[in-house]
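*Asks:* Line by line, the protein sequences are chains A and B.
The first sequence runs 0 to 689 under numbering that gives the first Met the number 0.
The second sequence runs 0 to 689 under numbering that gives the first Met the number 0.
Among these hints, one or two may not hold up.
Pairs count within a copy or across copies, as identical chains cannot be separated in the list.
As the list claims (entries may be wrong) - Derived pair list, reagent style DSS-like, types lysine-lysine, alpha-carbon separation capped at 30 Å:
no. : residue 1 : residue 2
1   : Lys186    : Lys217
2   : Lys433    : Lys186
3   : Lys230    : Lys217
4   : Lys521    : Lys506
5   : Lys49     : Lys186
6   : Lys473    : Lys217
7   : Lys230    : Lys77
8   : Lys266    : Lys473
9   : Lys473    : Lys49
10  : Lys212    : Lys473
Honestly, the hints are just simulated from the structure, not real lab data.
Nothing here was measured: the structure is a model prediction, and the numbers come from that model.
What follows is each chain in one-letter form.
There are 2 protein chains.
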Amino acid sequence: MVSSGRRWLREQQHARWRLHCLKLQPLSPVPSDLEISRAQTPKAVDVLAKEIGLLADEIEIYGKSKAKVRLSLLERLKDQADGKYVLVAGITPTPLGEGKSTVTVGLVQALTAHLNINSFACLRQPSQGPTFGVKGGAAGGGYAQVIPMEEFNLHLTGDIHAITAANNLLAAAIDTRILHENTQTDKALYNRLVPSVNGVREFSSIQLARLKKLGINKTDPSALTEEEVSKFARLNIDPSTITWQRVLDTNDRFLRKMTIGQAPTEKGYSRQAQFDIAVASEIMAVLALTDSLADMKERLGRMVVASDKDGQPVTAEDLGVTGALTVLMKDAIKPNLMQTLEGTPVFVHAGPFANIAHGNSSVLADKIALKLVGQEGFVVTEAGFGADIGMEKFFNIKCRASGLVPNAVVLVATVRALKMHGGGPSVTAGVPLKREYTEENIQLVADGCCNLQKQIQIAQLFGVPVIVALNVFKTDTRAEIDLVCELAKRAGAFDAVPCYHWSIGGKGTVELARAVREAASKGSRFRFLYDVQLPIVEKIRTIAQAVYGAKDIELSPEAQSKIDRYTQQGFGNLPICMAKTHLSLSHQPDKKGVPRDFILPISDVRASIGAGFIYPLVGTVSELPCYIMFPKLFQSLWFMGFNKPNSLLNFSKTVLGQKKSSRWSLSSDHVVLILSLSFYNLQGLFNHLV
Amino acid sequence: MVSSGRRWLREQQHARWRLHCLKLQPLSPVPSDLEISRAQTPKAVDVLAKEIGLLADEIEIYGKSKAKVRLSLLERLKDQADGKYVLVAGITPTPLGEGKSTVTVGLVQALTAHLNINSFACLRQPSQGPTFGVKGGAAGGGYAQVIPMEEFNLHLTGDIHAITAANNLLAAAIDTRILHENTQTDKALYNRLVPSVNGVREFSSIQLARLKKLGINKTDPSALTEEEVSKFARLNIDPSTITWQRVLDTNDRFLRKMTIGQAPTEKGYSRQAQFDIAVASEIMAVLALTDSLADMKERLGRMVVASDKDGQPVTAEDLGVTGALTVLMKDAIKPNLMQTLEGTPVFVHAGPFANIAHGNSSVLADKIALKLVGQEGFVVTEAGFGADIGMEKFFNIKCRASGLVPNAVVLVATVRALKMHGGGPSVTAGVPLKREYTEENIQLVADGCCNLQKQIQIAQLFGVPVIVALNVFKTDTRAEIDLVCELAKRAGAFDAVPCYHWSIGGKGTVELARAVREAASKGSRFRFLYDVQLPIVEKIRTIAQAVYGAKDIELSPEAQSKIDRYTQQGFGNLPICMAKTHLSLSHQPDKKGVPRDFILPISDVRASIGAGFIYPLVGTVSELPCYIMFPKLFQSLWFMGFNKPNSLLNFSKTVLGQKKSSRWSLSSDHVVLILSLSFYNLQGLFNHLV
């Protein structure tokens, strides 16, 4: 009795973990990300899993340092209260990025390794394509990283590969279906759909559902009239309306636009199509927003891939592939457990685009982590882009889907970005920073804090307390740091704290961790910005005005007609996922600070029905090609390091070495490999970016 | 001392495993493959690993039932004598397949679970594409299967995904390089290749190797003349000679032929290209033939992707991506451990095409297994197609690459196939078998044994003893079975044994196991069929005459010119990998039995330089499109089940259920899923096959 009661307690109520933290001995100057990662030996992942209260049958180990966590845990701990939920967002960044991932990792290192508070970081999985898996950035950086970095960046546990497989299966089904409908009679199609197996013909349950949808109340395949057979057998997809693209996790510019179906076997039914980067697949957004296998299946089935010739949406379910997609994704749905440099737990799960999707890691990882940390613990997750985009989507899309209530927002700022907003010269990837950024300049900082103030106000719209985390660079002066913290608090931040995690790890973020703990204890008055039942236009206008500070919005005729169509199709009550530049609060990347009096142009509107959002494209089409038309190109910019020259330089210095081609020891096999990825190959494949 | 000595013994010399075998309770009639698989609970893979002598740090667990085995084991056990090496091959099959995989699995179940002899089965990983991961066949069948079947068929540990990533990275590098060379000056290219990093310009080691290859003896980037800069910077790839295709593990007919590079950013440099199925990538053949990470890197670098404008081969190394490819493949190189229905160990590793590649699982899996079973143990592996193709390639290509010496060949025959060779009516997928096949017909069997005799003689060319395994079907009569065994022995088989593994598991193959053990104890007089130093034409002729029984070969002008080119390029001394139909000993699928007096037409010749073979295409091009031009189409035929209606029916009966859409319980999450893969979707996507 006593022992089973004790076990019950242990299972239901998480006390502080007895976590064996890994010690850091930070070097100065700070070595490259890869050197730091490789210098630390991670704990065996099963040890970590045990330390944080996972049962042996709740994990599936992948190698020594990664494990998938089964969703059954949510059932076991369903009566356990959730921990505190903290979002890391940022001010409007320079093209170089301001360090949200490092703050996220640094904060959990501080909470768990230094304050002995249970905490979890939940991060996005990066695309492998643009950099062949060898890059810094998404895993954090400096002494605030997820390790091992190469496992994080290469394949992980195959989730993106599963998405690729599922996405492309659906793509193949679309074109093949059109071909068959174009080349076969109603009867032939029907005989294939409902074949006679050992003399018996029966509808499958997915087909019965389709009959119901079509208003045909019959269950005997032989009872359908000719007209009903035709209605049942033909999806009548209009090829010009296909929005479902093939994907690859490779940055292959020659697949941006192509003509497919040119083999004689395809009988002339060729059409123009494109490949997107795998993480741009709607299936990635579905993975990020789902909360169970059953829900994922529903969402996958709802995905709209085209319209039929009557303008009605055609879904994956109509194509009959929902089950196959779900089976391919059955392992990908389980979050991936890894650890920080200091041995604290991290989930890496899902990595949807931050523009055409919502840019947040998975709901499931957050939910599981919130149970594992226990009521007094913390889950820290990150939203892509500036707070005006990533945080707004986190609240209005992700929290709406999950039902989770955030307790605090950490808003990451840098002196560099603030100086830019204050009127400093433009910051460009690959070009050395101007003097204004490397020397003290109080006036620029003071003027630039308008952006910080605005982003704080945006967070406050949602009723959540804001802690400003100033990510300190070596060149920042005491006066600059003090000024930012002072102005942030004056603008309504709960607190504002300088952070030094990059150079010394969690120890450098202890003050931030204390401030977050205090803010989160105050209780949240979280509210959504808009009611999803509002018309699509109203929801867009609300975001544009309340968040971006626009005077109004302006819809192109195309956008208006799409809105009408989606509304008529019954998709009007979905939340909005704005596809806007992250380099300005407005639609114009060069408008820094807090732009005013602008009209936000909505050039087009698209929909991810399975993921569950409408995404308006902001700006003229010609401004957006690299964001929307060529996600790979954009993806490169974002992940590759061309907007983060430091990580690129770190990469080339470390991986390519002083001699630009150095030995990279693969610890797993104790074989030394010449990593022959010359700078040219990076540069060559991606030089369309510069 | 004593204890360390004992440990040494245990580590160096494998005694009989103390393996906990899983009990079978075979049902009659035999349920579907999936039902059988799901009714058995596999051992935890770490338990299995320990039972067979793997140390804890030699495995990387993937979930509960799969693990990767590290290559470091080969170093630890390098002084351990190898076990016996047994190949399972087959007679010329009907389009329905004759059961080589089930015999392979049944044989190890008998050896280990019933005779207490250490044994390992080494199998190929099947493509996931053609059937969305839901098919039978490659995992064995009936009570001779690898479990869990769905893990085997879905993703496994991601090896094929890694191949896809590496293959497509190389493809992207080719087109991008051509674009850059077409649009940039020598100087601009050179500056990208050898950039100034912090004011310093240096060649990487891969670039120094390239300089050496070009005969430029300089190490200072600034010392090159203009002409040398141009020579160094330009690969001058001739786009019309590109043989490297993109791949996907999806059966997507619209990607068979397409025009890529149509986005404005590609500046008009569009060209026609195609996608192949992922397992057709040369990287898969490299994975199957390599014996270490260093060797894999060399092979990947040697892969020829095109010719330059002077007709010289351009390699992956010339493109500078060797290291990146190797890094992407660093985990894929480790064999995957699974188990049979009776709990005996299996490696599943690599699955190259059996036509354009050699159709055998990996050298590394065999090498590791041969150490693990110990000197008295057995490793059983399978070769694709009939013995005239799969076995010939196993000996001349795989054994040549590995240096391993086979001890015995198991030749699988069925009464059904023999009747076909004896003049029985044609056997067609999807059409019920004619009476001749379901009723006793001694004459047809007697006449058909000519094919069996010929295949026995082929094996004897290599000096290896042959045991005939007659895979018994329910309709086979005692007289038929006895006749086959009698004629097989008269033809020189060491033994001939009826097998019942499909219906009762290893117990049904004990007699075969005893025969194999005895044959293998006799010592092998293995020899290659030809000397690789012979001219390409002579090697082709030797195979055609000695193996197929052709009178001679006839080269098309294209084939002759390719042979001349490869010889001139220095590739004349590679072994030969014939791309011939498996449905006849000749090039004509309808010529059954032992065709005579035919001239084997060689329509074209291609090369996989990294894998290390030349592959002549046999037959006129118009006969081969589905084999060579459309590997996906062929792949479908091969793996999908259209040539194995039983597995297709099993699939549809089990997965789709009596109602053609049934519930498929995903044990991992205890969630019941409607598997909505209707018959139509299979049929629809693949109906170009029938």
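*Asks:* Now tell me, hint by hint, if it's right for this structure.
*Replies:* Structure-based check of each hint:
no., hint, in the structure
1, Lys186 <-> Lys217, "within (17 Å within a copy, 73 Å between copies)"
2, Lys433 <-> Lys186, "between (72 Å within a copy, 28 Å between copies)"
3, Lys230 <-> Lys217, "within (13 Å within a copy, 73 Å between copies)"
4, Lys521 <-> Lys506, "within (24 Å within a copy, 69 Å between copies)"
5, Lys49 <-> Lys186, "neither (59 Å within a copy, 58 Å between copies)"
6, Lys473 <-> Lys217, "neither (74 Å within a copy, 40 Å between copies)"
7, Lys230 <-> Lys77, "neither (45 Å within a copy, 67 Å between copies)"
8, Lys266 <-> Lys473, "neither (64 Å within a copy, 44 Å between copies)"
9, Lys473 <-> Lys49, "neither (39 Å within a copy, 52 Å between copies)"
10, Lys212 <-> Lys473, "neither (63 Å within a copy, 46 Å between copies)"
Of the numbered hints listed earlier, those contradicted by the structure are 5, 6, 7, 8, 9 and 10.
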